[in-house]
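Visitor: Let's have the full structure, built from the sequences with the hints guiding it.
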Amino acid sequence: MDIGWIAAAAMFLQLAAQCGTPLLFGTLGGILGEKAGNLNLGVEGMMMMGAVTGYYVAAVSGHPVLAALAGGLAGSLGALLYAVITVTLQGNQTVTGLTLTIFGCGIANYIGKGCTSMTLPATIRSFYAPISVPGLSKLPLVGKMLFEQSNFVMLGILLAILIWIYFNKTRAGLNVRMVGENPGAADACGIHVNLVKYLHLLAGGFLCGLGGTYLSVVYITRWQNDLVAGLGWIAVALVIFAIWNPIRAIFGGYLFGALRSIGLVLQNTRMTFLGHEIRLDPQLLDMLPYLMTILVLVLMGVQKKKEYQPPGWLSRSYYREDR
Amino acid sequence: MQKKGLAALLCLVMMMSVFTLAGCGSTAGSTATQAPATETAQAPAAGIPKDKIKVGFIYIGSAHDGGYSQAHDRGRQDMMETLGLTEDQVIVMEDVPEGADCEKAARDMIDNGCNVIYANSFGHGEWLANVAKEFPEVKFGHATGITTYDLPNYSNYMGRIYEARYLSGIAAGMKTKAGKIGYVAAMPIAEVVRGIDAFTLGVRSVNPAATVEVIWMNTWYDPALEKTTATTLLNNGCDVIAQHCDTTSPQVAAEEKGAFAVGYNSSTLDAAPKAYLTAPLFHWGKFYTADVQSAIDGTWKSQRYWEGLSAGVVALDDLSANCAEGTAEKVEAAKAKIMDGSLVIFSGPIKDNEGNEKVKAGEALSDAELESLQWFVEGVIGSVPTSN
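The listed protein sequences correspond, in order, to chains D and X. Read in order, the letters of the first sequence correspond to residues 1 to 323 in this note's numbering. Read in order, the letters of the second sequence correspond to residues 1 to 388 in this note's numbering.
In case anyone wonders, no lab produced these hints; they're calculated from the structure. Just so you know, not all the hints are guaranteed correct.
Only pairs whose alpha carbons sit at most 20 angstroms apart, straight line, appear in this in silico EDC-like list of lysine to aspartate or glutamate [said to hold, decoys possible]: (1) X:K50 <-> X:D291; (2) X:K50 <-> X:D88; (3) D:K305 <-> D:E181; (4) X:K337 <-> X:E307; (5) D:K113 <-> X:D270; (6) X:K337 <-> X:D367; (7) D:K113 <-> X:D367; (8) X:K257 <-> D:E148.
Ranges between beta-carbon positions, derived for each pair [unchecked claim]: (9) D:I102 <-> X:E98: 16 to 22 angstroms; (10) X:K133 <-> D:R316: 53 to 59 angstroms; (11) D:G173 <-> X:E98: 47 to 53 angstroms; (12) X:G312 <-> D:L80: 48 to 54 angstroms; (13) X:K52 <-> D:S126: 52 to 58 angstroms; (14) D:L162 <-> X:E329: 55 to 61 angstroms.
Don't be surprised by glycine CBs; every beta carbon is placed ideally from N, CA and C.
Guide: Here it is, written out as structure tokens:
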């Protein structure tokens, strides 16, 4: 390559952020629910529902913002089903989340049959085309990653920062964390536990739906069967990897995005180590996100630091009568 | 407790609705009602009257996947139209995995009166063969397969898509300015390697200095990864992208970077209007029509069908306006030579990309050698992963 490694690395990081953006949205969605004490394994399903709805609305209406809203709402609809079962009916969160994934993927592929022959109008593509922030995009390494991207990618970063502020700097955010840690105490303080859970699960579903819409409308720009292809599951792992911190979710999402593409970049690069040629097996690289998540889980267990622990009441139903 | 019961019930309803929906999907386009099972006990050689023919199609993907299985489904429709079969004379099963589900699908089809059954994916083969052994009066076809298991009622069928890929290579070689073409490749099997080699030979027939960089995805299906792979190739300096994978993502990646792309399986100019050059296509209808007709005529025989441009089972899509000037003439000339046999794509001298002479002048690779091809021709950047 004659363009120099810094320029090459900048382009790689730009690509990593694009690959990481659906992961970031899914992770933020997961964090919202888990902070309120609900483990939602339905991220993949909600992303699929968002992807197909966003794509359909984009193709039919040609309105980019409307498409994103519709995609988000479809994710919320999936989350609503989950919330009714786990919050109101106090069903098992793990099983319900798995069911939501199966349900969401099935219905999305079913609706998607009608979408395979649809194409996106040019207005959609130009609205979400990468924009270059003058000056900042010329920064070495991170310039292209952060400042020469689709507005959807930038929206992801913005939302992550806003959610961090919400959880850590506002009274309302503190209340949510309390619901996740100890709903009994929150209830005693006069916080409407179920309302908080509902609102945050629906908002989380909205973000997952947005992540799916990004994939179908902005990244792939075509409806494909099973288009999310497991990214929702990586997002579930990323919630833990980010230790429930939205800012770390940006880093984690982009890192996992980079891991998905680093194998492609290195495939035709001959690497030598102490005179031996080494080949990285792509299967090994594919495992890395999960291995790193396990590593974080182990470190969390060893560290015993309070802020590194999952929300205290995570994946448990709250019975007011048991208080 | 009542609440828990209600929750379980809701879960159940969600699950059931998925199955019901899936059920609707798989029978869409065909009325798979319990037609009275046709008596197929008569001597097979006598042929099957046209109104007694019932054909089953087992697809690895959705009939609307915009790619491989959809191409087969277009072939099914062509066949039905040409032969004048009615909707209740076919059964389509979509999204059938390469496993025991395939065997089950074939048995269901026989229960419903099918006397000709096709499965379109490599891994369906052995499962289909299990059924074929039990039902000698039913005729089976296995796309992309490499063995008929010595069964008299079992055929393989495949198109010489590499001939069309050679032609698409000419279009790509004429278009590239950087002299670097990228190739998004699914899994390292002979079929894909052969396509890359033929494509590269096509590229270098018009642009002898050009290179083709290959990146393996190691999966058959991952739309997002296909785009990521194509973008990586574009970042490496390629200005034309070709693909052996199913979706339009690589073409979209090329369009976004102002580059150009050769598609695969479907005519997808609308997915990337400024980037799309052309695409190698399958016309499975040519095979299906001939094969079902032979079952009607009573001339059906087990065969290893592997035909190319001259039989019309593969073709190059119309060249788009994005193609370089003079492409049409070069493509037409090569196509005519391939069809009349004066151009044999894998004829020597051919060197591999490590400089070893693999095919001597005056010789050519045999079909058996083509079916196990595991090396890249000169001009390819990349390697075929070995399974050691």
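Visitor: K50 of chain X and D88 of chain X were given as a pair; does the straight-line alpha-carbon distance stay at or below 20 angstroms?
Guide: 13 angstroms, holds
Visitor: Given a hinted range of 55 to 61 angstroms, is it respected by the beta-carbon distance of L162 of chain D and E329 of chain X?
Guide: At roughly 59 angstroms between Cβ atoms, E329 of chain X and L162 of chain D fall inside 55 to 61 angstroms, so the hint holds.
Visitor: Hey, K337 of chain X versus D367 of chain X, does the alpha-carbon distance stay inside 20 angstroms?
Guide: Measuring from Cα to Cα gives roughly 19 angstroms; hence the hint holds.
Visitor: Quickly compare the C-alpha distance for K337 of chain X and E307 of chain X to 20 angstroms and report which way the hint goes.
Guide: 16 angstroms, holds
Visitor: Does the Cβ distance between K52 of chain X and S126 of chain D fall inside 52 to 58 angstroms?
Guide: 56 angstroms, holds
Visitor: In this structure, is the beta-carbon distance linking G173 of chain D and E98 of chain X contained in 47 to 53 angstroms?
Guide: 49 angstroms, holds
Visitor: Do the alpha carbons of K113 of chain D and D367 of chain X lie within 20 angstroms of each other, as the hint requires?
Guide: Measuring from Cα to Cα gives roughly 38 angstroms; hence the hint is violated.
Visitor: Please verify whether K257 of chain X and E148 of chain D have alpha carbons no more than 20 angstroms apart.
Guide: Holds: K257 of chain X and E148 of chain D sit about 13 angstroms apart, inside 20 angstroms.
Visitor: Are I102 of chain D and E98 of chain X spaced within 16 to 22 angstroms by their CB atoms?
Guide: 21 angstroms, holds
Visitor: Does E181 of chain D lie within 20 angstroms of K305 of chain D when you go C-alpha to C-alpha?
Guide: 15 angstroms, holds
Visitor: Given the proposed pairing of K50 of chain X with D291 of chain X, does the C-alpha separation stay at or below 20 angstroms?
Guide: It holds: about 13 angstroms lies between the C-alpha atoms, which stays within 20 angstroms.
Visitor: Check the following: the C-beta atoms of G312 of chain X and L80 of chain D are separated by a distance inside 48 to 54 angstroms.
Guide: Cβ of G312 of chain X to Cβ of L80 of chain D: about 53 angstroms, so the range 48 to 54 angstroms holds.
Violated hint: 7 only; the structure is consistent with all others.
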